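S.K.: Residue strings, one per chain:
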Amino acid sequence: MNGPTLNNYLTLSAVLFAVGVYGLLTRRNLIAMLMSVEIILNSAALNFVAFHHFRWGGDAPGAVFPIFIIAVAAAEAAVVLAIIIVLFRHKQQLDVNQADSLKH
Amino acid sequence: MNTFLFYILSLVALLSAYFVVTVHNLFRAAMGLIGLLLSIAGMYLLIDAQFLSAVQITVYVGGIVVLIVYVVLLFSDVAQKLELETARWRQAIGAVLGVAVFTVLWLAIRGFDFTIGQNLDVKSASVTDIGTALLSKPSEKGFVLPFEIISLLLIAAIVGAITIARAGDGEKKPEQK
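Chains A and B, in that order, are what the protein sequence lines are.
Position 2 of the first sequence, counting from 1, maps to 10 under this note's numbering, and the rest follow consecutively.
Position 31 of the second sequence, counting from 1, maps to 65 under this note's numbering, and the rest follow consecutively.
Heads up, a few of these hints could be off.
[Claimed, not checked] These stretches of chain A come out as covered by chain B in the derived footprint (C-beta under 8 Å, 3 or more residues):
#, region
1, 36-50
2, 65-78
3, 86-95
In short, the hints are calculated from the structure, not lab data.
Note that the coordinates shown come from a computational prediction; the quantities given were computed from them, not determined experimentally.
Yeah, the Cβ is synthetic: ideal placement off N, Cα and C, and Gly gets one too.
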């Protein structure tokens with residue numbers, strides 16, 4: 009069994025994390041920033057699953073954390089999208105540079 | 035064969051991730067996000083996490099991305115206005131910080147010998163195992179407390195999202211009178 013090793017998966021998830029950080033820092037649109045955060049969360053979940061497989065022999069507790077990550081991502085997406093709708097209603101745009109006040 | 039699939043999937047994942055963070059059209063970015071999520075789901079299949087792969091596709095692709103696409107389409111008439119250029123120096127700083135993050139992570143990964151324990155008798159966690167782990171007490175290596183907290187978090191997020199999105203309606207009415 010000489011498939012990809014744990015290091016391959018960790019390197020891939022590190023690259024994905026870096027791409028997500030780059031997107032989070034450079035995009036000015038709130039929806040695009042949310043998608044960058046999803047990339048970061050996915051790279052973290054991939055890390056969990058890779059360790060779960062290679063170091064823990066595929067035991068059940070390792071598979072629990074990615075499920076929690078997905079649940080938190082769903083909650084986050086719901087709240088962020090509600091905020092986007094309200095922000096757009098007030099300001100007619102989604103530029104985070106303009107959205108620097110808490111009310112109106 | 036596994037190695038070949040791994041490299042194909044990582045190529046797809048990296049290209050679609052790059053697509054998501056660079057393309058201006060938000061709908062296309064959402065499609066790139068679908069490509070990324072599907073390739074990650076394929077990786078889960080490669081490392082014997084079939085249940086997680088199914089969850090990834092149903093919840094992420096079928097739920098979260100659809101939600102994002104809904105909001106993108108809600109604002110599609112103004113999507114042209116949403117094309118915001120990022121300043122060059124911001125892009126440079128983002129790239130430098132991204133490379134720095136990767137370098138630190140890569141040095142940490144390289145500095146540790148992960149080959150120990152790699153010849154474990156690998157099995158794939160069945161749905162029964164995962165369900166038992168989610169619902170049993172911490173003394174039985176279970177995660178019932180985080181599980182209940184996640185359910186509270188989801189309810190709070192749903193109620194909060196509805197309240198936030200509705201608040202604008204109540205504020206507009208006095209102005210119309």
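S.K.: Output the numbers, in ascending order, of every earlier hint that fails for this structure.
M.R.: none
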